[in-house]
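**Student:** Respectively, the protein sequence lines represent chains A, E, Z and D. According to my numbering, the first sequence is numbered sequentially starting from 1. According to my numbering, the second sequence is numbered sequentially starting from 1. According to my numbering, the third sequence is numbered sequentially starting from 1. According to my numbering, the fourth sequence is numbered sequentially starting from 1.
Honestly, the hints are just simulated from the structure, not real lab data. These numbers were taken from a predicted model, which means no experiment stands behind them. Here a beta-carbon is modelled for each residue, glycine too, at the ideal position from N, C-alpha and C. Please note: incorrect hints may appear among the correct ones.
[Unchecked claim] Facing chain A, according to a computed beta carbon distance under 10 Å, are these residues of chain Z, among others:
id : residue
1  : Leu17
2  : Pro19
3  : Gln20
4  : Gly26
5  : Met166
6  : Leu169
7  : Phe173
8  : Gln174
9  : Ile188
10 : Asp189
11 : Asp192
12 : Val195
13 : Tyr210
14 : Leu355
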Amino acid sequence: MLSIENITHSIDAWLNSMFHPTVVLLVESLIVGICAISLFAVLGLVLVLMERKVSAYMQIRLGPNRVGPGGTLQTVADTLKLAMKEGLTPDGADKFLFNLAPFVVIIVAMLILAPVAFAKGTQIWDLNIGVLYISAVSSLSVIGILMAGWASNNKYSLLGAMRSGAQIVSYELSAGISVISIVVLTGSLRIQDIIASQQDGWWLFKGHIPALLSFVIFIIAVTAETNRAPFDLAEAESELTAGFHTEYSGMKFALFFLAEYVNIFIVCAIAATLYLGGWMPLHIGHWTGFNQVMDYIPSSLWFMGKTFFLIFVIMWFRWTFPRLRIDQLLNLEWKYLLPISMVNLLLMTLIAIEGWHF
Amino acid sequence: MFLKKYISDVFGAVRSLLKGMRLTGYYFTHRKEIITQQYPDNKEEMKLPERFRGEVVMLHDEKNEHACTGCTACELACPNGTIKIITKFDMTPEGKKKKALDTFIYHLELCTMCNLCIEACPTDAIKMAQNFEHSVYDRSELTKKLNKPGSKIREGVE
Amino acid sequence: MIQEVGTTEQGELVINLGPQHPSTHGVLHLVITLSGETIKKVEPHLGYIHRSIEKMCESLSYRQFIYVTSRMDYLSSHINNHGCALCVEKGMQIEVPPRAKVIRVLMDELTRLASHQLWWGAMAMDVGALTPFFHAFREREAINDIMEETCGARLTMNYMVPGGVMADLHPDFQKKVKEFIRFFRTKIDEYDELVTGNVIFKSRMEGIGYLSAESAVSYGCTGPTARGSGVSCDIRKLYPYEVYGQLQFEEVTATGGDCFARYMVRMQEMRQSLSIIEQLIDNIPEGEFQAKTKAVLKLPKGEFYSRVETARGEFGVYIISEGGTTPYRIKFRSPGFSNLSALDHMARGYKIGDLVAIMGTLDLVIPDIDR
Amino acid sequence: MNKEELKVRLEALLLPPTFEEGAEWTTAVVDPAGWEGFARHLRSDAGLEFDFLFCVTAVDWRTHFTMVYHLTSTLHRHTMVVKVKLDHDHPSLPTVSDIWRTAEFHEREAFDLFGVVFTGHPDLRRLFMTDEWNGWPLRKDYEDPVNMIKL
């Protein structure tokens, strides 16, 4: 059967038969790097178009429809426009940090890509602390945002960056606790183990109400972590014009923009992996026939379908809700999400110890 | 008691959010609600109401005759100095001098489409046209001469 | 020149909100002193679109000056024109035919609806919800189409002339307005579903930008801004003009004094406007739509003041005439100007995000403030 | 209170104003010196309580200025107009912005456009014009060959 797993394996075997193992490692790293960058580019194009279409349909309008068939090339045109724009650096800015910040943000986004399993057997690096790695690296992105806000020498940027700092640091907590509640169930931090444990059903369905709760909390927390409305206080265009990236233009702005969408993709991929079984098809207990039918759908499609559904949900939030205020945002985290997720974690531990889950 | 309020708060909040999401979800799935008009493409079926005020035009009939006597009522009525009327003296067949319109200058760039000149005109020589695409490359093109070359006043209009 | 200040001596941050800013809805320039995110002082800088309309009007005749007032509060341009026409009629003692009176009131209420719809969309946008804006514009489009058909323009209609209205109603007017009412009755419930009931929106609004009744009066606030604080100040009720005295409608007031109270007042006013339109639409008297007036109007020597209730509050026209064809001095008392003066008082102690919400509920239209 | 009753009530004040006839509302004319005290009476005296200052403007009569204050009471629903006559060369008047807060902006507007100086005003600066603007635009003798378009 032709699948991504087979392709990668055959490339690996072919390379090993031809070259020295060190060369093979180098060549494979290069291929992976190119794949990751092109995935970034494609994701950026697709997600921006998706966002614009989703928002348009919710706002009873058509959205982009002039460039290309049905407006599909709109984002390409946008990228061209951004690439041709002049990248301005303000006079009073800290030039080094100002120019570094977008790259920090995008590199962080790239790093989290490593342990994401795109399909069966398709993973850049299946490290044994995958989940821990993800939560550790994803909190680095706040450094890029703070850097951008501070280096811009703009008060709006500074306020946006400070808000973003407070926000990401606090929402890190409940996102982490939600992740841990799944780790408690599986007993492993490795992504492949987590997916394998969902062989007979996804955790969202197997883990009773606590799993559902932790899923909801995780989605809320990652929405906040990626600075998406209704938690887009770092950008808050009606308050801070554009928040931390007010002073950015051209390609540097595009990198921030791209990083935002890649981050959404990644957090949704992680949510899909933890709660919806990643590439694992929908399996129900011992219904062997049903499970086999489901297996006919390629695993990469399962993964993409789940991820894009979650991305759609996050977009749905954005185009429905008003923005919270900064103190309400922190209230929501410290007064509601964190206590609930802690109690939830206890329940989950109880379930895991007693083996009540299916 | 506190816990009960806490829980009902959370549930009420979630319900109100879901209500909003239901509405946007409805519009997302119902394409017939879309109200976008594809402007330059729909020019054929686009119909502006008859009273729509786009610009001032002078009515000419097929004999290239208009009804303007050059009385300058519109010029006086205009709040912005949009209209400038230059008159000349025609010789009537009886050999008498008669005041007549020479040039009707209309500055579209000054016009606010307030309709006061149309109201003021005693002979209904001018009216508002429905054209609204006025952009030009040179501002001087917006200064228009409304009476067509060679046109003259219709018989019997005083 | 405005001096550039980065921080005050106390180490407070000074930022400029505007004149180009997404939430100032125009060219309002606010200099805000902040301590952290908390507002210490808001200082408006005006005049970016000051056109000195009052000076312009001194050289325009009584027929001509009316159209200029459309350019002040462009969202209730028709009501502004109404105020001017009333003032000239008061001076000339022109009796307006009953049909014209009803047409004027109908148009006023449609304008008020359109203005409140735009406000609703913009308000939601200020607090970060972007979708309501388009929903509001869908309904507003229907009103604009009705306006376009009857008045000939969509925003700056100039439909009002001293002594009546410029043209008779379009034959389709009644049918279209009834259609619109049916359509809007369902949509206004969607407004509540999408925004009013939303928990995030409520928490952004409740208890924010408190304005007590005494301060509202002292700051000269009118319209929904003052009525949200429980001050009864609806000119339509207190000093009825045209046919408002014979209509059944309520003056909407709320006692909260916060942003949510002002928001609810406007939402209820939309329903009241709908009911006023419903009362009148089938009872438009036959007859002339314009009284016979002289070609050149000359107001007698004296002073005339008339006021109307626009979507933002009390709009006053004060004409001093020397007996000529042009006013000697004309003063427009615009509601936005007084409402803005209370902004500093209302915003102190709240956060930047709240300032945006407060400005949203004040419903500022900058040309109305600058004139 | 109706127009006549209001007039009688005002005449009972310590410094009674003179009245103008023929206007829609009771119109009182006071001196600049007596204005501040008169205003305080209007605001706080029982039965008057004019708490809502809805229109403030200046008029340039070429020989003199008049400040016109339109007042109403939200309690008793009566309205009156106060006019203060000012000198043309040095128009100056005590502020009432501490009595009616709305006067703060309106007086700034009058200062900006007419050059009427309000003594005691907390923040008397140009409101619409830029700070370095010359002249007072709404005065009748104001000429600005650059910005004014003659039609």
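**Student:** Against each hint, give a clear statement of whether it holds in the structure.
**Tutor:** Consistency of the hints with the structure:
1. Leu17: holds (9 Å)
2. Pro19: Status violated, d = 12 Å.
3. Gln20: Where the cut-off is 10 Å and the nearest Cβ of chain A is about 9 Å from glutamine 20 of chain Z, the hint holds.
4. Gly26: Since chain A brings no Cβ nearer than about 14 Å to glycine 26 of chain Z, farther than 10 Å, the hint is violated.
5. Met166: Status violated, d = 34 Å.
6. Leu169: violated (30 Å)
7. Phe173: Not OK, violated: phenylalanine 173 of chain Z not within 10 Å of chain A, min 26 Å.
8. Gln174: Status violated, d = 27 Å.
9. Ile188: violated (16 Å)
10. Asp189: violated (16 Å)
11. Asp192: Given a least distance of 14 Å, the restraint on aspartate 192 of chain Z is violated.
12. Val195: holds (7 Å)
13. Tyr210: Violated, because the Cβ-Cβ distance from tyrosine 210 of chain Z to chain A comes to roughly 16 Å (cut-off 10 Å).
14. Leu355: holds (8 Å)
In this structure, the hints that do not hold are numbers 2, 4, 5, 6, 7, 8, 9, 10, 11, 13, in rising order.
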